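Visitor: Those protein sequences? They're chains A and B, same order as listed.
Numbering follows this note's numbering, in which position 32 of the first sequence is assigned residue number 32; successive positions increment by one, without gaps.
Converting from the second sequence to this note's numbering requires adding 93 to each position, the first position being numbered 1.
Worth flagging that the hints you see were computed from the coordinates, not collected in a lab.
It should be emphasised that the depicted structure is a prediction, and the values quoted were computed from it without experimental measurement.
Not one of these hints is a red herring.
Counterexamples of contact, computed for chain B against chain A with all Cβ distances above 12 Å: (1) D110; (2) R254; (3) Q267; (4) N409; (5) E434; (6) K472; (7) T514.
Derived contacts from chain B toward chain A, CB cut-off under 7 Å, selection only: (8) D187; (9) V188; (10) L196; (11) V197; (12) E198; (13) L199; (14) S201; (15) Y202; (16) L204; (17) G205; (18) A206; (19) L207; (20) A209; (21) R210; (22) H213.
Note that the Cβ used here is the ideal one computed from N, Cα and C, for glycine as well.
One-letter residues, chain by chain:
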Amino acid sequence: MSKIVLHLYIAGQTPRAERAISTLRRMIEQELAGYECELTVIDVLADPQQAENQKILATPTLIKSSPPPYRRVIGDLSSVTDLLNVLNLPPQS
Amino acid sequence: MCADQIERLPTGITGFDHIANGGLPKGRTTLVSGTAGSAKTVFAAQFLAAGIKRGEPGVFVTFEETPEALRRNMLGFGWDIARWEAEGKWAFVDVSPQPEEELVELGSYDLGALLARIEHAVRSIGAVRLSMDSLGAIFTRLNDSRVVRNELLRIVSTLRRLGVTAVLTAERTQEYGEIARYGVEEFVSDDVVILRNLLEDEKRRRTVEILKFRGTSHQKGSFPFTVIPGEGIHVIPLSAIELKQRSSSVRTTSGNTELDRMCGGGFFRDSIVLVSGATGTGKTLMATTFMAAGVRQNERSLLFAFEESRDQLFRNAIGWGIDFEQMERDGLLRVICNYPEVTSLEDQLIFMKAEIDRFRPQRVAVDSLSALERVATIKGFREFVIGLTSFIKHQEMAGLYTATTPTLLGGSSITEAHISTITDSIILLRYVELFGEMRRGLTVLKMRGSSHDKDIREFTIDSRGMHIGRPFRNISGILSGQFTHIAPSEIDRLSAMFRDDEGDESARDSAPTN
Chain A
1 MSKIVLHLYI AGQTPRAERA ISTLRRMIEQ ELAGYECELT VIDVLADPQQ
51 AENQKILATP TLIKSSPPPY RRVIGDLSSV TDLLNVLNLP PQS
Chain B
94 MCADQIERLP TGITGFDHIA NGGLPKGRTT LVSGTAGSAK TVFAAQFLAA
144 GIKRGEPGVF VTFEETPEAL RRNMLGFGWD IARWEAEGKW AFVDVSPQPE
194 EELVELGSYD LGALLARIEH AVRSIGAVRL SMDSLGAIFT RLNDSRVVRN
244 ELLRIVSTLR RLGVTAVLTA ERTQEYGEIA RYGVEEFVSD DVVILRNLLE
294 DEKRRRTVEI LKFRGTSHQK GSFPFTVIPG EGIHVIPLSA IELKQRSSSV
344 RTTSGNTELD RMCGGGFFRD SIVLVSGATG TGKTLMATTF MAAGVRQNER
394 SLLFAFEESR DQLFRNAIGW GIDFEQMERD GLLRVICNYP EVTSLEDQLI
444 FMKAEIDRFR PQRVAVDSLS ALERVATIKG FREFVIGLTS FIKHQEMAGL
494 YTATTPTLLG GSSITEAHIS TITDSIILLR YVELFGEMRR GLTVLKMRGS
544 SHDKDIREFT IDSRGMHIGR PFRNISGILS GQFTHIAPSE IDRLSAMFRD
594 DEGDESARDS APTN
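This is chain A alone, in the form it adopts within the complex (with noise of 0.2 Å):
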């Protein structure tokens, strides 16, 4: 089975960064616990060419690269169920 990938682009420490990076964090661990999942965050203050090359516009962007379909989430990502519906997780099959 293909590995869950996901970057989260954020623009420094924000309460809305935070509060994208703790949903996650629960997502992850409770919904999530018997698959294999990388998480990356990216600062675009440290690292604005890796924004431009992902063409990142708003700030929290959560992108799930695989497994498909592609996907491109923005906002703090209020509600873990919210998010797994939008993300298609966990993987079917």
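Mind docking chain B on chain A? Use the hints.
Guide: Quick look at chain B alone, frame taken from chain A:
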């Protein structure tokens, strides 16, 4: 605060700096607002392209078109964006919609990433200028327009901190009304430029207006502009053209000795003569003679013909003993024929200016203005004539325009009514019905700065051109076309009452004043 204390950044957009009294306020963000198709993107790109030519790098933030599309579309204006990118003079911040991507919003967000990217791009190439095109696209992609507005305000203040002079384009839904959609003007209200693409009498007309530059001066009102391949936006700063031409007292021949005498010794150099008459009265002949006279005294002469084909013109000229072909071979004459319908009047003006610049003539004739009037609105036509006239006079050339009256007898042309105050001299050619026969009459109606013959004289046309003869003596109402024949005894009586001032040249100037 004194207006001069706000520094300007010359945009390099032809004519725009003139109406902006030097350029955009430096270090500030100017909102450029317009409806769809009003050339906002061209303005935004040209602002950067012109900067690069002055050694000022620029960042283009695109919300709408992809960088690929912009590189391709702007190449037609001669802007090689890809090369400038490679040279580190131009950088894109690509915020164009990605087709495969669907943005899902979950919770609250800001545009911190966009801000970071813009700042990064500005710093990495040392940008002096920045364009953002166009704001509407980002409002349609994100649901929370309040957030977008706040974030744009943050971006604008960051640009100010970075010392960048910026152009921000925004959509309008109508040509007259609110400045822009989504209340954009609330956060960049200091400097506003409006681009319009008006439909007047079924003709498209582009205009630019500087609505405000806070704390500093600019030209008021709207100015026509056009978008030219290889150049971009070209503003025609009509009322800003100073009518400060030196008027010279040097006379130059019209090509007809009798007419020169009627005008008090010939046309003035640096003056514009309008020849008005019905079809077939001899307007093209006068233009032809005027050109040939120039060539004969070794002056370069340029004829713009909008009514007749080249062949026809050359054949006519031969009929009057003038060999245009030889004159062109000698390099002293250039005849340009084209159909006014093929292009807008703004483009026509720019084309004519370019031809005048290239040929550097001492004489210019336009035959006829009425043909050009057909393709424009009254306002557009007037602006065209003012633009052309001031250009010709600045170059110290003698100009001759012809205008066609719509009726055979009497009457005045619409052309005449709109431009008579702009021209220095007016010559009327009229048909005169005399005892069942059509004759031709000529009079000098106005000759600014000179005395002139006030008679209406008969003239004939033969294989050697125009011959001006005696004044009509037994007829009145020629100019109105309502002829009244007067018995000879009455003429004698009237002549006795008003001693003719012809001959003794009492320098009474009857030129109408404006």
